[in-house]
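Colleague: Sequence:
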Amino acid sequence: MKNIPYLLILSRFMTALVILYLGYFVGESVRHYILILMYFGLLTDIFDGIIARKAGISSEKLRRMDSQTDLVFWLSLGFASYFLNPDLIINEWKSILLIFVMEALCYIVSIWKFGKETCTHAFVAKMWGLSLLLTFTYLIGFQEAGWTFDLAVILGLISHIDVILIIVFLRKWQYDVPSCYHALKIRNGKQRAKTVFFN
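For the working numbering, add 112 to where a residue sits in the sequence shown, where the first one is 1.
Calculated from the structure, these hints are not laboratory results.
Watch out, some of these pointers could steer you wrong.
[To be verified] Derived pair list, reagent style DSSO-like, types lysine-lysine, alpha-carbon separation capped at 27 Å: (1) K173 / K238; (2) K302 / K225; (3) K206 / K173; (4) K302 / K284; (5) K166 / K238; (6) K206 / K166.
Given the sequences, and given the hints that come with them, work out the whole structure.
Modeller: Shown next as structure tokens:
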């Protein structure tokens, strides 16, 4: 039971590698397989946290592994989307660059302040993850961007601002902080709120 969360995280990492391989080397004929792998990866992301908490092994190490694997997983889907729909992605390069810059900024601020990467698993970030799921479903499955892409960009921007504020407000590094509001409460000496979200 205690090994299952680690195995789920590993499976999500391996899934990301398979997605990259299929998107780059195989292409058009495997769009539906990539979508299946994406939803499989989402399920592993949901259940690794649930099982870890039930098994009493939800630790800093596990959460950091989960967070970095999430990054690899979503990046693999982004690159696969580019391999399959280069024109769609190129047309949106400014928005994509903005998200990459904000992601890098989160890492820079966190490492500069705490010497560790960020690992907040904040609520808005989870909403952003769901919007990414919808966006990649449209990009890969239907070869469309449209409103799903715009929604993902907006939530991505809000999510990264929230993470940066969490880092700024916290006096010491913590994982699983639901929002900048909770970080401010922690800074002001309130008891740390337990995260109640699915991951």
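Colleague: Enumerate the violated hints, using their earlier numbering and listing them in ascending order.
Modeller: 3, 6
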